[in-house]
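Colleague: One-letter residues, chain by chain:
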Amino acid sequence: MHTIAQRAPNSASNFAPSIAGNVYGMNERIRRLRKETFDAEPSLSIERARIETQFYKKNEGKYPIPILRALNFLEICRHKTIYIGKDELIVGERGPKPKAVPTFPELTCHSVEDLHVLNTRELQRYTISPEDIEIYAQEIIPYWKGRTQRERIFSHVPESWRALYEAGLFTEFMEQRAPGHTALDGKIYRTGLLDLKARIAKRLEQLDFLNDPEATDKQEELTAMAISCDAAILLAERHADLAEEMALAEPDTRRVAELRKIAEVCRRVPAHAPRTFREAIQMYWFIHLGTITELNGWDAMNPGHFDQHLVPFYEKERTEGTLTRDEAKELLSCFWIKVNNHTAPPKVGITAKESGTYNDFTNLNIGGLKPDGSDAVNEISYLMLEVAEELHILQPGCSIHISARTPERFLHAGCKVIRQGHGYPSVFNPDVYIQELMRQGKTLQDAREGGCSGCIEVGAFGKEAYLLTGYLNVPKILEVTLNNGYDPVSGKCVGLQTGEARSFRSYDELYEAFLKQLRYVVDQKVRVSNYIDRMFAKYAPATFLSLFIDDCIAKGKDYYDCGPRYNTSYIQCTGLGTVTDSLSSLKKHVFEDQTYSMDKMLQTLAVNFEGAEAMRQYILNRTPFFGNDDEAADAIALRVYNDLYDTIEGQPNTKGECFHLNMLSTTCHVYFGKMTGATPNGRLAGITISDGTSPSHGADTHGPSAVIKSLGKLDQVKSGGTLLNLRFLPSLLKREEDVAKLASLIRSYFALGGHHVQFNIVDTATLYAAQQTPEDYRDLLVRMAGYSDYFNDMNADLQADIIARTEQEGF
Amino acid sequence: MALFFDIKRYSINDGPGIRITLFLKGCPLSCVWCHNPEGIQPRKEKMYTRKKCIGCRTCVEHCPYQAIYPTAEGMKTNTEACRLCGQCAAVCPTKAMEISGTEYSVDYLMREIEKETIFMDRSGGGVTFCGGEPLLHPDVLLELLRRCRSLGIHRAMDTTLYAREEVVAEVMKETDLFLVDLKQMDSGKHRYYCGVPNERILANLRRVTEAGKALVIRIPLIEGVNADEENITRSATYLASLPWERRLVHLLPYHDIAKGKHEKLGTRYNPDRIPLAPPSEKALAHCCSIFRQYGIETVIGG
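Chains A and B supply the protein sequences, listed in that same order. Just so we're aligned: the first sequence equals residues 1 to 811 in this note's numbering. Just so we're aligned: the second sequence equals residues 812 to 1113 in this note's numbering.
Pulled out of the complex, with its shape left as it was, chain A reads as follows (with noise of 0.2 Å):
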């Protein structure tokens, strides 16, 4: 049943589990729903449409919308399956059973071409039945046409901006899902739903509605925050009732005593703030599942600083006797479980591209500092490490988080588990980090209390509405500069006619011609993003979300209108590396050493270098390439970088804050690659791009020391994340003093600035991929005593040989 289907595309060995993990720690009810979270196909479940679709017909118009929306909200938990598994301790599926994914039609209602493409595609595969098909053709699709946000966007975006999005210069996060991005911090552990109604009670009535003129539209936010509180607690007594149901029937008088378990916690929370441990799992799981019934927000929802949350449950519990360390391991995998029985839900039309993946980005942030700045690590930080490694399984991902004070024998566990190849957990430096959310105008304290909630972007933890509107692609906006504004894959023209680049007498000419249209280009992307930020806080508020995030509650305001106390929007830039390539290319061989004209470039670029093998591979051999601690290509990834910054930071959203620079990629870089032609770098037209702020593939030949030092002349405090890969084969890290050195390393990264990165231990797959096409693999290091050598250079039988040793140490 585990097809390939169930792998995420890219970067296959950073992601892709395997049924035969490390299971000894596991007990058998453990063993047991992992593999049935691994068997579970992902399926399109259209409940939550129909039950939505009929709320609507009755009720739209009747309300007003931030009402309309929570009693949608509280239908939904009404009237949705409750499902509980056999042997769960933690209960809650947002669909009928486990990687069942709902629609979001108010957003985006798939056709019914979607609805088969989905059900059908060889890669991330949702299954859907025929029936269902046709009670979306009949019930669902016909209400939705005019009706959903996508179509409200896509009606009003000028031609400019549709003209750039066509092309792939970037993509828009917020045309197909929810604004997201949001962990949550400590408050749910201390306040139960029913206090959160009381302070709503209190806030209303002191509503002024003589002075204030929103105090209406309070009212009314404040009401349907009032309204997702009761649709919460019911969904939580509803499983209560299942529960309670089951043990009647249930033969097996254990598994009754589990179920009356669940019943009693589930009446508990999340009306009530948590007493025990499982209570606290549980809390945090309802909410995270109310959220994402809401709306589909992209990176579903995540715990924030779990580790520092659970701790004081599981010590007192620990002191009274009434939790041993086994059972607290126990509840953690089953909530490992949970989230990854959360399969994301999937995108319409040919975006699905964008981003494909099944991965939802919950990333649990382990280790890093307490809001007054001390380690906070614990042993629950341990035991996260523990489960994560022996789990294996797609999400939830987990981080450490290495401050100076971070213990060392914490960050030699998180290196270990590193060393296992699953590709995680990725390594992020606090103190870079709070320095960027400072100096985007958070507190000290609410800084420290943020983190990473998905990939490597940061937060403020339960205080901040910080949103991804979308990746720029870099490299395609150099592309369109050397064809003056045309798109050479459509022969479009999309941007701004900046010049005959023949014409270009220095390379600073071209720079200017590259940064004029970079302008242009975040212009158009702003004033969309903008735009639907607006349609997002008037049509589709978040009005359970915004109950935990402060101080939606106090200002009476939603997640996406404001509300919270801080309000980011980020674009997030791809492709660094390319981008610095191609520049560095062209300004060594075309204007310094004059080896090739600018024709000559444009003329091979325009065919994919067919013909000009040579040519291409002089450019790839002989050309100062990010990643190498090379002075002059460091020093025009510096400049591209700072010049990004200066052209995003600052613009205005819509909240009286602004837009800040982001280095991320998620899978964003493939989906660009294939959208931009050949580069003067020598990569090929449609393959893909370099990541986040990573070398591109294979341009970094000086060994991983050589790429911190290029990555660490970024001064990475200006954006809110940058993203660092690392490629290690496994005899890299073979010995336990290799895991030392690859923590030194850690080490010496932060020391210089990093915010992030990630260690990718290649298997026999990639090893196997690198003899097909060696110049994407350059990097690879074989290290040997007193021998070491680069995997390409080595033949055919020495590889051979590397093959079988990396299978057989099969780390």
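Quick caveat, the hints were computed from the structure, so don't treat them as lab data.
Partial list, derived from the structure: chain B residues whose beta carbon lies under 8 Å from chain A:
{"hint": "1", "residue": "R820"}
{"hint": "2", "residue": "Y821"}
{"hint": "3", "residue": "K862"}
{"hint": "4", "residue": "C867"}
{"hint": "5", "residue": "T869"}
{"hint": "6", "residue": "P904"}
{"hint": "7", "residue": "T905"}
{"hint": "8", "residue": "I929"}
{"hint": "9", "residue": "I1068"}
{"hint": "10", "residue": "K1070"}
{"hint": "11", "residue": "G1071"}
Between beta-carbon pairs, the in silico distance windows are:
{"hint": "12", "chain 1": "B", "residue 1": "E1092", "chain 2": "A", "residue 2": "S129", "range": "48 to 58 Å"}
{"hint": "13", "chain 1": "B", "residue 1": "G1106", "chain 2": "A", "residue 2": "K316", "range": "45 to 55 Å"}
{"hint": "14", "chain 1": "A", "residue 1": "R639", "chain 2": "B", "residue 2": "V978", "range": "43 to 53 Å"}
{"hint": "15", "chain 1": "A", "residue 1": "K492", "chain 2": "B", "residue 2": "G885", "range": "37 to 47 Å"}
{"hint": "16", "chain 1": "A", "residue 1": "R639", "chain 2": "B", "residue 2": "R1002", "range": "55 to 65 Å"}
{"hint": "17", "chain 1": "A", "residue 1": "N642", "chain 2": "B", "residue 2": "G1023", "range": "47 to 57 Å"}
{"hint": "18", "chain 1": "A", "residue 1": "K416", "chain 2": "B", "residue 2": "T913", "range": "36 to 46 Å"}
{"hint": "19", "chain 1": "B", "residue 1": "M983", "chain 2": "A", "residue 2": "E512", "range": "53 to 63 Å"}
{"hint": "20", "chain 1": "B", "residue 1": "A901", "chain 2": "A", "residue 2": "K370", "range": "52 to 62 Å"}
{"hint": "21", "chain 1": "B", "residue 1": "P881", "chain 2": "A", "residue 2": "G650", "range": "57 to 67 Å"}
{"hint": "22", "chain 1": "A", "residue 1": "R405", "chain 2": "B", "residue 2": "G1023", "range": "33 to 43 Å"}
Even glycine gets a Cβ: it sits at the ideal position worked out from N, Cα and C.
Once you've looked at the hints, dock chain B against the given chain A.
Modeller: Below, chain B alone, put in the same frame as chain A:
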């Protein structure tokens, strides 16, 4: 003239911590199994990687001495006509043609070393001089060692110790750690496999230990060459007689990874077909037990 044939960063197998390793070209030994054969000759050499060659013939066109000609097996160089001018390497698009051996200034090398200091500082690493035989170039070597000392950079010397006594004495003063191969205790056999007898090596090894220098002994363990009971017992007896503190030996099981480099150099690996094989698990365990009897700990690999 001191030539270097490689500079490797993030070097993690040549001493403690994260290191940068400089490979000096030229070696008085010529061990049959040598895994860096391009390090043996103390002069520039041409290397050609067939796999990388796209057959564009740019090298043929640019060679001022018409020394290169295409064949069915890729480009061939007439070694008598070739003056090692490096034109071919400069124009080759894929770096299939390379000249091994570059003369770097000490300033340049120090800049390269200093690029890596942040990693050394955090990992307890440093610089390792390797080869070839670094002691073959005492002038450049000593200058580098002294400049590293002034910057507080840890210095390791990966050496055969086949060098004049006074060179060893000078280098010893400026070296923090020696990494020394002990290949074969029988001098005649040593000469047969490595091209030189071993008396000088053993005498220098004693001097290094008498000076109280930190030392790691490495034995490339090869079935048919030195993995036999007699040689291992002799090695253990000898090492046990030395006044060194850290009684630790790294056993490096044989591999024939140098084959690829010989292909590039246009030379043949082990031309006399001397039987060389990795030791069996059993033999390896036996070697370890012999060393243990003499109070010497062993590590496999390293």
